[in-house]
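If you read the sequence shown in my numbering, its first letter stands for residue 38, the second for the next number, and so on.
Among the clues, some could well be false.
Pairs of lysine-lysine residues, derived as DSS-like cross-links and limited to a Cα-Cα distance of at most 25 Å, are as follows [said to hold, decoys possible]:
hint	residue 1	residue 2
1	LYS194	LYS204
2	LYS194	LYS150
3	LYS217	LYS158
4	LYS194	LYS243
Calculated from the structure, these hints are not laboratory results.
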Amino acid sequence: MIQFNLLPDVKVAYIKAKKAKRVVVVIAGIAVAVSLTLLIIMYSAVSLQKKHIKDLDKDIKNFESSLNHTEDLAKILTIQNQLNALNTKYNEDGTIAKLGLYDQRPVTSRLFKYIQATTPKEVSISKLNLKFEDSTLEVEGTADTLEFVNRYIDTLKFTKYTSDVVKEKTPAFTNVVLTKFNRDIKAASYTISFNFDPAIFDAVQKVTLDVPQTITTRSETELPGSTGVFDAEGTN
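From just these sequences and the hints, can you work out the full model?
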């Protein structure tokens, strides 16, 4: 079988070139589209980054302005001034110029001395709930009879205190209320709540309690430091 090529070589080359051109155009179009997409993404990222930086600069300026309006900022930021704030500052005449953080703390160790001094010997305590934030104290325990519980209440009501700051006798405890009580054949249980004067726990004051002499308390029958006022359950 004999075949004849009726298309000249030039025509064949032209067709091949045309096909190659279409391929190049398609590839170029795809490349342009991809480039435009990447350009848009990069432009958006740069715009978002600029906006984020602008917002951060604005926040920094606001915080800086707030810090600049803070009183005694330099003193607050220095460790030495923080250490100095712990100690009380005194004037030349010995009076307090500025109370230090250490002396602002309540002296909780005085509580057991106060409880021992005001609790009748016939009364035992099983639980104490002390709250300095609202100056309240709740006491739970038992006694031989309700008469001794009432005696305990009267003792708290009429106990006063003086200090090197408070010269006049002032009630140490107020709003003394018997909130719960119960009595059986063996003993009487009670719950007493009351307010205390925060000054009696003030670290810079030397406080002296004045307990009614007509009532016998454990401080008159036990050695100093004794914890016999608490029953077997202890304190909370």
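Comparing the hints with the structure gives:
A hinted pair counts as satisfied when its Cα atoms are at most 25 Å apart, and LYS194 with LYS204 qualifies at roughly 19 Å. As the CA atoms of LYS194 and LYS150 are separated by approximately 17 Å, the hinted pair is consistent with the 25 Å bound. With a C-alpha separation of about 20 Å, the suggested pair LYS217 and LYS158 falls inside the 25 Å cut-off, and the hint holds. For the hint linking LYS194 to LYS243, the alpha-carbon distance of about 21 Å falls within 25 Å, and the restraint holds.
The earlier numbered hints are all upheld by this structure, with none contradicted.
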